[in-house]
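Asks: Line order of the protein sequences matches chains A and B. When you line the first sequence up against UniProt numbering, it's residues 1 to 283, in that order. When you line the second sequence up against UniProt numbering, it's residues 1 to 283, in that order.
A hint or two may mislead.
When chains are identical, the list treats them as one kind, so a pair holds in a single copy or across two.
Calculated cross-link-like contacts (lysine-lysine; reagent style BS3-like; alpha-carbon spacing at most 27 Å) [claimed, not checked]:
(1) Lys35 - Lys183
(2) Lys103 - Lys202
(3) Lys243 - Lys276
(4) Lys183 - Lys103
(5) Lys103 - Lys34
(6) Lys243 - Lys35
(7) Lys202 - Lys183
(8) Lys35 - Lys276
(9) Lys34 - Lys276
(10) Lys103 - Lys35
(11) Lys103 - Lys276
(12) Lys34 - Lys202
Simulated from the structure, these hints should not be mistaken for lab results. Small disclaimer: the values here were computed from a predicted structure and weren't measured.
Residue strings, one per chain:
There are 2 protein chains.
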Amino acid sequence: MPHFTTEDAAVLRVAPDFDLGSIDPDSTPGFTGKKADAAALFTEHDEEIAELQERMFANARVGRAAPSVLLLLQGMDTSGKGGIVRHVIGGVDPQGVQIASFKAPTQEERGQDFLVRIREQLPAAGKIGVFDRSHYEDVLIQRVRAFAPPEEIERRYGAIVDFEDELAASGTKLIKVMLHISKGEQGARLAERLERPDKHWKYNPGDVDERLLWDQYQDAYEIALRRTSTETSPWYCVPANRKWFSRLVVKGLLLDALRGFDLQWPAADFDVEVEKRRLAESA
Amino acid sequence: MPHFTTEDAAVLRVAPDFDLGSIDPDSTPGFTGKKADAAALFTEHDEEIAELQERMFANARVGRAAPSVLLLLQGMDTSGKGGIVRHVIGGVDPQGVQIASFKAPTQEERGQDFLVRIREQLPAAGKIGVFDRSHYEDVLIQRVRAFAPPEEIERRYGAIVDFEDELAASGTKLIKVMLHISKGEQGARLAERLERPDKHWKYNPGDVDERLLWDQYQDAYEIALRRTSTETSPWYCVPANRKWFSRLVVKGLLLDALRGFDLQWPAADFDVEVEKRRLAESA
């Protein structure tokens, strides 16, 4: 069974005329199946993903120039970023994964260029990195809350494009995903966190403060995605009211990124026959 | 079905009169079932492990004093350390896991006390840390190869016990596992790496150099485990010729460590009713 491919995801790609308001968070563009079909499909290529990841890891381990993947996740609170990490990345060998979660910058970080703390968390060669939030917060909450002056926000869009071009040139394949939920769905998910004592820890009164600025955030997302979706590192705006859909999409993008490297197992940098003899003699 | 418990593992605990040579790497002490029974048992408590891990993570997230777990893995090449990480730790939410793999120390690290680089990789509160090799290399290869003078090696056993007591006092539950394989089994596993081109990257000619010092390594392990197996942080010497057994044991030790914390979901540090009202008004 074919997975949800990058080609299928073309319809989710952000173009310069991107209109976030026109995208229905309940929809499943590019996928004609139902939830049960997605469930069957979801684990279909897990072994292949595991093997491709190991191949990438192997190339880096023996010192060959190896690429890396960086899955960058953005979305409003409760949009399912953590679930993607658990369910999509959870299937990969943890030794090959590097996860960074970006909170509000510290006092020290605020004194540096916004990309400094980002660079420190880039995945090593051969690894799959995940950014749970990212440098995009510096043009999202920072824009909405006016934490930085407009001319600095303006400068950042270009700086981000340059930075991501540089990443691509150095062998890091970036997969940028915005998980797009509706305000109603967020309300329901936050209400569940308040209902269930085992979910209270996930709730923060500040979540409602941001929610009250919903429209401003949607604007900030639309502008940010428009201005930073490039040929090399496009944005995918993934409807995420149905978690099974957004997870299927991200897994497909990851699989295609790994396939795209077309990596072979690294050849031995030692004489295999000599080593077989040495091993036989070491019994 | 009960898991393989810490009580079952009592027979694997290293006592002061520990004799490594008397432990059969093919055996499965404490377990009366067969491979198929172990397979059934292996995933039985995955949901519970996931929930306990999330509970620990939650406590740390809301700023409560939260414990952490540190699974420390030692063993000769091919003893299955990577497989433990993949199969035991692979089931846990990657956001709650921190893996460190210790290679030969760099020039800079050699100029520092041997514990400096170890401390830098300790798991944060609420996390499950894994050490693939550890500070024990500093009394294993360093002893066998005489990379450090005897009196320094001698000093390290005590320094390790002090360090681990300190870890325990600060809330880190240490699980120390030596994966014990036979020389014959290692030979077979290395031969497989040489046979299969997709495994060549895992082979290093240096592996045979160390293998030639097998008996010296067994001695170094026996001494290290004897001298650092304490009431608080005991060593488990786990027969590892049968991978299904060693994985079952480690998963059981992890489950019991998490259960032992007896953690509750953290109570809300906000007024739940007030927040429900605020949320309702934010529609």
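Asks: Taking the hints in turn, state whether each one holds.
Replies: Structure-based check of all given hints:
no.	hint	result
1	Lys35 - Lys183	within (22 Å within a copy, 51 Å between copies)
2	Lys103 - Lys202	within (14 Å within a copy, 37 Å between copies)
3	Lys243 - Lys276	between (50 Å within a copy, 24 Å between copies)
4	Lys183 - Lys103	within (22 Å within a copy, 49 Å between copies)
5	Lys103 - Lys34	neither (35 Å within a copy, 48 Å between copies)
6	Lys243 - Lys35	within (10 Å within a copy, 37 Å between copies)
7	Lys202 - Lys183	within (18 Å within a copy, 50 Å between copies)
8	Lys35 - Lys276	neither (51 Å within a copy, 31 Å between copies)
9	Lys34 - Lys276	neither (53 Å within a copy, 33 Å between copies)
10	Lys103 - Lys35	neither (33 Å within a copy, 45 Å between copies)
11	Lys103 - Lys276	between (51 Å within a copy, 25 Å between copies)
12	Lys34 - Lys202	neither (30 Å within a copy, 42 Å between copies)
Violation of the numbered hints given earlier is confined to hints 5, 8, 9, 10 and 12; the remaining hints are satisfied by the structure.
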